[in-house]
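Residue numbers (this note's numbering), protein chains in the order written: chain S, 1 to 332; chain V, 1 to 327.
It is worth saying that the hints were derived from the structure and are not from the lab.
Certain hints may be false.
Stated by the list, open to error - Among chain S residues calculated to face chain V with C-beta under 10 Å, some are:
hint, residue
1, G161
2, Q196
3, L219
4, R294
5, H297
6, V298
Glycine is no exception: its CB is placed at the ideal position from the N, C-alpha and C atoms.
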Amino acid sequence: MTQDAPLLEVKNLHTHFFTKAGVVKAVDGIDFKVNPGETLGIVGESGSGKSITAMSILGLIPSPPGKIVEGEINFKGENLLNKSQKQMRKIRGPEIAMVFQDPMTSLNPVFTVEKQLLETILAHENMSKKQAKERALELLNLVGIPDPENRLKNYPHEFSGGMRQRVMIAIALSCNPSLLIADEPTTALDVTIQAQILELFKRMQKELNMAIVMITHDLGVVSEVCDRVMVMYAGKPAEFSETKHLFEKGKHPYTLGLMNSIPKITHDKQKLEAIDGVPPDLRSLPKGCSFAPRCKHVMDSCLTNDPDIREVDDDHFVRCLLYEDSKKAVTT
Amino acid sequence: MSTLLEVKNIKKHFPLKNENFFSREKPVLKAVDGVSFSIEAGETLGLVGESGCGKSTAGRVMLKLLEPTEGEIFFKGENITSFRGEKLRKLRKDMQIIFQDPYASLNPRKTIEQTITEPMKIFNIPKEERQKKLKRLLDVVGLSSYHKSRYPHEFSGGQRQRIGIARSLALEPELVICDEPVSALDVSIQAQVINLMEDLQDEFNLTYIFIAHDLSVVHHISDRVAVMYLGELVEIGEVAEVYQNPKHPYTQALLSAVPEVNPNQEKQRIILSGDLPSPANPPQGCKFHTRCPYAEEICRTQVPKLKKVSSDGQMASCHFVKEVVET
């Protein structure tokens, strides 16, 4: 992996929502880097803040009630938080593109696929309509849609779920972004189709040399496609490491609990080791470590001290008091 | 063990709108098209397949929530296919269902107490006993008795699924059909609910038909597994047998598509091309031939039969799998 300038660097990001019922700290202090051409996985359960992280990067946080209260998002050396909406519009698409979770609702049902593809291309590239159409054909070919010439004239409802997701990916790729954010891109799909789409992501990445931030709750997907992983819990990173390393030497009790919760086909049947309890309410987080109420290894100090994230091994960060003594604290 | 439920060649066809006004043939969507199997008391049968393969419809036909177009259903040796009215109502006591969506399957205007005791009221169980049972049910599914006066919106997804489970157990059924009971839940909560369902099976001696698309969950909970494709059963057998030694090419592809949680394990992956064909217009011959990597001429013309493929009772329907004849 290159240790050159990272493509994206998120520093101490805090995104809060100010609601009538209180302040929801959806993202509460995360740091990560994405190098060019690399795939970063962000894993967590619903409400852990992974989608909000993506929205924050793209400047799509609905405001009010949401607000990025602290932090920096450096993309190619520039802080995106200082950009105006107009400048952001130039970045969304040609620089950073996004694929959403639900292929059934993220395409406009009343326009043909051609229209939706051309809209993006024409908005960002200096092309004639004819050139743009050629580009659209090329893109559909690239993502593996058979008979693209006829398919261009179809409406979204004429495509299956997997095909719609391919169209979404084609739209996202239309302006050659250097970073693609995929928010649960395969969650709504069947396993056989999921395998196709993951294969497609891997191929696209190789061919176009783009970085991918893959947001998912499925550790299986992570192990298939990601180089590095960040595990999130209640708006904070719990653990951050290389994928292989995480699966072999994961340390945070939440990461381990998550892995033990998944039934495995290759293993004999044993009782699943579930994590007790439920994720905390983000409006009233427990004092101390937010995972403490569900943690098996909870100590007295966990209930009062919120741990810092620490490097326990090379490029392996854990936010847990069990590893408080290891190596150095990472100051942010 | 005795056979609790047996279905013989059940079919469920839904009529479609006739697009050609002059055509006399009425088009139908064959959601379930000739499925037969039986399930022993106390066992868990997993029913897997992609969306649209007819697994949920099959589950509903077994409960007689849907009237089968053809075929017969036997419950404890009795043919229940033609049961109606009072007789069917009595039968429902013994067969219950847990639904997928814990958000939509509870009445938002009823308290948990009302929801769980409603089935008991219908079957005229006296009030004191209802209260006793309610307490016990809440206890076994891991809720507290102070929860009973609350409404569904006050609960999380996992808790709601627990309420759904408590409701389905209120009448002490023998057979519970679980239609994707954990797929709407987060991983950590999913494990809690699966463990709960396993405990309940032991405690109440339940028989489960577990409908799911998640192959690892089915592997974990089931004794036997049935794989469906476009309304037909393509393979059925003991879980260990089917997962380690899948005979049907579809089962092989399906299993190879499951993402491995261990990144060090390189997997031979069979990527199926194309999508599931529409059940309204299924391919001729073997329904899988359009996506099958081994398809040959015979597959396009002849429908394969479900046949025994191992001495342990594993069955598969493919032209190229050798039949095992018992001697």
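Structure-based check of all given hints:
no. : hint : result
1   : G161 : holds (8 Å)
2   : Q196 : holds (6 Å)
3   : L219 : holds (5 Å)
4   : R294 : holds (8 Å)
5   : H297 : violated (16 Å)
6   : V298 : violated (16 Å)
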